[in-house]
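Colleague: Sequence:
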Amino acid sequence: MKVTRRQWLTWSASALATAAVSPAWAQALGKSVAQQQGSRILRIAVPGLSTGGTLATLREQSNVGKRVLPSILEPVIAMDVLGDMSLQPGIAQSWRRINDRVLEVTLRKGVKFHNGDEMTAEDVVFSFGPQAMFGDTQPHRGEAAKTIRTDSAEARRSEGTQCPPEVAAVGRRLWPSLERVELVDDYTVRFVNAVPDMTLEGRLARMGCDVISKRNYLEAGDWQVWAAAPVGTGPFKVKDYKKDQHLLLDKHVEYWGGTPEVDEVHFIVVPEVASRLNGMLAGEYDFATDIPTDQASIIERSGKLEFVGGPILNHQITCFDKQHPVLKDPRVRLALSHAIDRQLIVDMMWDGRTQVPQGLQFEFYGDMFAQDHFAPAYNPDESRRLLKEAGYKGEVIPYRVLNNYYTGQLQKAQIMTEMWREVGLNVEIQMVENWSQIYDGSTQRGIRDWSNSAGYNDPVSSLVNQHGPNGQQQQKGEWSNEEFNRLSAELETSTDPVHRKRVYERMLRIAEYEDPAFMVVHQTAAFYAKRKDIDWKWSPSFYMDFRKGNTTEVSS
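For the sequence shown, the positions run -26 to -1, 1 to 530 when mature numbering (1 follows the signal peptide of the UniProt record, and there is no 0) is used.
Incorrect hints may have been included.
To be verified - Heads up, simulated SDA-like pairs for lysine to any residue below, C-alpha to C-alpha not over 25 Å straight-line:
no., residue 1, residue 2
1, LYS450, LEU384
2, LYS217, TRP424
3, LYS86, GLU156
4, LYS217, ASP237
5, LYS506, LYS217
Bear in mind the hints are in silico, worked out from the structure with no lab data behind them.
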């Protein structure tokens, strides 16, 4: 029997039910314990801190990493993280193009690392060198890039301060053709690319392209030791870090952008939504992240808390492993995509507070945004037709799911599994504990959840970066397409805007229709519970900005 929209809504209300929030919030919500003791400390309840157990941005290219790590380590060029995400001066005072392969950057004088050293061009050159970023990988010089596999025995941890191979692979994902960084003088460097690249400026603004202290890195003597407490130029420095427990940050008094208004920021791991909310209502925390929209009314009724947030530059997607014998047929993958009523998921799970995007792209791409491209439409009849044509016989397709790494992840998986069942797809949820189990290739993989961010305003930052030859999907051996990889190189190296637009549109068509690598479900939205008496603005990225000017206390 066909399930109606009303039945879906009724079913989802049950599926999305969370643990009841304790009425203990009726107690006074006053200032946090830490503030009462004299120091101004912000306490943020988060579901997690990292996926790999380090504080190294090249290792922690994750949503949870993007929330906390930019407070410690800063990229060369800044972004307007509280506004339109445009490029802004930061530790780079200015920059200019020498030609289509070379970008000259003038550094801000007087920028101090957390250890008191002044940042110079020597630190920048080191940060983008083989020891800290690229290992023994080589730049691509115009040919279609070869995939660097990171799930193989060769991708093992390095000894000493040489960055591990999996870190170098990410470095090459961010900078596939960077030849070298030249030291011009103490405050000037030149980024020299092996091929033309219109996106050099944007690349320098994304997380992972940070400037680290050369002295601190070498003195650590071991990459893992360094990665547990890296010294950067950010507004806060590491005080104490315990994996899966907390990250305590002290203010960086000599921060070039002004000393933060708060003395410390404590990110505390609280996995369950109900526990984060109870802690907020009891006055234990000042902020709580990853709050479902169905809890907004409870937060607002407290009188001293508010519910804030909205869509960010990230899309929730579901990835396919075409090595699976059933998913090898692209018609089955496309059928999976056509079976999903994305708008219904947005309405049920997000109260309509986010949107279904036009495929894997973002409007801040500007002229590169493909106006005529859309994600596969909800069309269960087309799904059934494709499955019949492919000869699908009801074989089990495994769907590995984490317990709410993404807000409402399990509930969304349950909803989508039911939608797939309606068209005859036999998708089986397999609960796993961590990302290593998600990617484990020792048993048959099939479907998994993921999200893709746009690190800067060009499709290279998402489609190529995540799904191209050095993107994680190909690195993990899930998906590859020869034409897509060839076009990735063209998109990265062409300086003709019209040609780049055509190439990008063709790549979207391949990855979402002809040989589906993934399906986009909805644009991610980040929602927070916060104290009303803190004047804090949320960012259209995952970053929680606690710099000077964004943590002002206001009278209630």
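Colleague: Does GLU156 sit within 25 Å of LYS86, going by the straight-line distance between their CA atoms?
Modeller: 21 Å, holds
Colleague: Is the hinted pair LYS506 and LYS217 satisfied, with a Cα-Cα distance of at most 25 Å?
Modeller: Judged against 25 Å, a Cα distance of about 30 Å means the pair is violated.
Colleague: Can you confirm whether the C-alpha distance between LYS217 and ASP237 stays at or below 25 Å?
Modeller: At roughly 22 Å apart (the allowed maximum being 25 Å), ASP237 and LYS217 satisfy the hint.
Colleague: Between LYS450 and LEU384, does the CA-CA distance stay at or below 25 Å?
Modeller: Roughly 23 Å between the alpha carbons, so the hint for LYS450 and LEU384 holds.
Colleague: Quick one, are LYS217 and TRP424 close enough, alpha carbons at most 25 Å?
Modeller: 22 Å, holds
Violated hints amount to a single one, hint 5; each of the other numbered hints is respected by the structure.
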